[in-house]
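Based on the provided sequences and hints, a complete structural model is requested.
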Amino acid sequence: MENQLKNDFEKIVKTSGFSKKDIDIKKIYLNQFIKKGFPSKKLENWKFSDINQIIKKNIGYLDFYNDYSLPNKIDPSIFIKGLEHNKIVFINGRIEKIEFNYEDENKIEILDEVEIKDKSNFENSLIDLNNAFTNKYYKIVVKENYSLKKPLIIYHTTNENLNLKNINLRLDFLLKANSCLKLIDISNDSSKKNFINTIYNFELNQDSILKNYKIDQKANTNIKYSFNNIDQDINSVSETFILSSGSNFIKNEINCNLNGKYSSAFINGIFSLNEKRHHEIRTSINHLIDNTKSYQLIKSVLENDSKSVYQGKIFVNSDAQKTDGYQLSKAILLSENAEFNAKPELEIYADDVKCSHGSASGNLNQDSIFYLMSRGLDYKQSKELLINGFLLDVVEKITDSEVRNLIKNLIGVKE
Amino acid sequence: MREKELEKLKDYKYGFSTDIESIKAPKGLNEKVIKFISNIKKEPDWMLDWRLKAFNRLKVLKEPNWQKPKYPKIDYQDLYYYSAPKSASEKPKNLEDLDPKILETYNKLGIPLQEQKRLNGIAVDAVFDSVSVATTFKDKLTEKGIIFCSISEAIQKHPDLVKKYLGTVIPVTDHFFATLNSAVFTDGSFVYVPPNTRCPMELSTYFRINASDTGQFERTLIIADKGSYVSYLEGCTAPMRDENQLHAANVELVALDDAEIKYSTVQNWYPGDKDGKGGIYNFVTKRGLCKGNNSKISWTQVETGSAITWKYPSCILKGDNSIGEFYSIAITNNHQKADTGTKMIHLGRNTKSKIISKGISAGFSDMTYRGLVDISSKAHNSSNYTQCDSLLMGNKCGAHTVPYIKNKNSESNIAHEATTSKISEDQLHYCKQRGLNSEEAVGLIVNGFCKEVLQQLPMEFAVEAQKLVGISLEGSIG
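Chains as they are written, first to last, in my numbering: chain C, 1 to 415; chain B, 416 to 893.
You can take every hint at face value.
Subject to a maximum C-alpha distance of 20 Å in a straight line, what follows is the list of computed EDC-like cross-link-like pairs (lysine to aspartate or glutamate):
no. : chain 1 : residue 1 : chain 2 : residue 2
1   : B       : Lys733    : B       : Asp789
2   : C       : Lys41     : B       : Asp789
3   : B       : Lys483    : C       : Glu123
4   : B       : Lys823    : C       : Glu336
Bear in mind the hints are in silico, worked out from the structure with no lab data behind them.
Note that the coordinates shown come from a computational prediction; the quantities given were computed from them, not determined experimentally.
If you want it as structure tokens, here you go:
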């Protein structure tokens, strides 16, 4: 694979207009990736999902070079209707459109050709891969005291032309003091068997609010990895919701550093899987200062041969007194071959804290089914009603009512 | 100087060492030493072959390094693998023949070796450094057909049983420390309870490391045949020494149809001094196999000693309807470190397991609960309940929870909960208001916190354990 990586990298260097400095930095990352390779289950973080094997089995030969010179046609039918929004459109990894029609132009700044910052301390080879191969990436800055009037939807679209390729995307966001951003990621894949590696960096200044909703619902055969790094300052709030359902494999990883007092992080997620899908959410919430709060709720509904994994970690530094950390993961296994794995981890070095986690997995409660059937529902209806209630619990945690309704419609849960 | 020694002994009253002549194998780990051990124990050839097989495997195994508490590299060539009191080279026929110095040591430790002291009839097998020195109440047990002796004796007198079960739960090729033990184990206890027999008394082993520079590698094998019951206790202490000593034991339990084994440990190895100097490395492999249907294995442990505790008493629930239980209290103070927990591996139908773990860390210590619950796809209708609570005292210590939960069966349920907190000011205030001082108040609250586990211990042990909990936390408040 080493020669192929080097060849593909040379091709990119030739066709893109990178500066000499950029190329040198990218080379360092390339070499780091060559040294480490794709993560395998030998690494603790990848214990339950051996992406090296998954890529080998599902994709085999992976092409790292993409021709970004020609624009792709945007199919307007992918846009969400009935919800006014700003757009960023990615097609096959190329940014085709950035549109902030509803906002005050002076309040949003879009910086391109941002210098790669050294984030190599994560020891994550997929970040190295991303840094080495990302084409061009943008940083979106929301200025002080500005709240976006409408949500920003990022469309991650791939079409039939893309096959057996590796795509690397990266976006950075800076929310200045007292600003607010609602961000929705929607995947729309018609392509087959690609490896899509997405990295977001969020920097939240004092009193800012970030709401990020990630929706991966359309069935497809791609392998995906998504990494969100969130740094939070005083009194900032981040809310992340993940709907994990469509892709063949996806691992959503969230690393959240609560650096400022009174900052809080909320992560909610739903796995709704069937067939042979294998999805994972891994979170790591670092409480680094006193009076911070985190809350995580992850629920899975698993059919056929599907498998979901939740690895959640709460880290509490010795300075982080008065931390409040909570973590709950629940799974319903509907088929004999479904599998749920969890590793809810606490690492605590301060004594005046309130940290707890819970995890439960099993079948639908037979008593509840009996109760509903004795009141005239048939088995299928009873089952649907119970699953509906099980998932509604998570959807209700979404604070934005427009998005909540959108997601309710998407997964068909009713109140 | 003398005063200083006494001062030290105040903290760890078992810290004295006994001046006794001992026979040692040459230092180092090699085939010669293994042959020496096998030879001095007059072992049959198959046993030596078994040891050598383990030793060959050991050459390719790497020492694991994933645990949370790190320790300086151990030089395995700089250890004595066999040390025995000289007077015990011929095992004494009765207690009168026992070296009075050893007897005195055990009296100091409060272990009732002399049968006239009959403390509620507990049969004791005492292991001093590497060899078993005395087993009490033999006659009464023999009457019932129960075999309770040292493992060396069992190898000679009951080779069929040993051959059949040794290494079936912990294979010789298992992992580094287990394999090391298989190669060089020196002694330990052997228990066999015949079918439909209820062992009339608690069986107990008392381990004592006395010599310096020795590793203690004992091996315990307990077999409960169909429909039998046995309760087994284990206690351990060691003198205070400035260097770290390695203790790598293997314990194997086998429960056949309808049998029940209850295994309780009060571990109080020397934990090192206030600055973390010295102490025992307690790297033990304990595993129970519920081989038959309706069998049950229950582990109860109170871990207060050792510089580093690294062990996971586990249950393999192979028989249908079998039950595994794990109750644990782990207390770390000063610079002690612990990485402990359990593994419950559900293979049979309708298997049940329960894990209650209580961790208390104080001072500069660090405690990790690491556990695995694995329900395989064939373990229909199984269930697990796990609860692990941690209590922190001060912000220089750490408490961590790392559970691994794997559910591959849709008819099975797993429930897990964990909390971390500190002793609430309200509770302390309440106790103090009623006239208790801070230490008594903390002791009372901690005992309440641990109650669920302490209740599982046999009566005599429970009293001792309760005291131990209080002593271990002395000086950690303020």
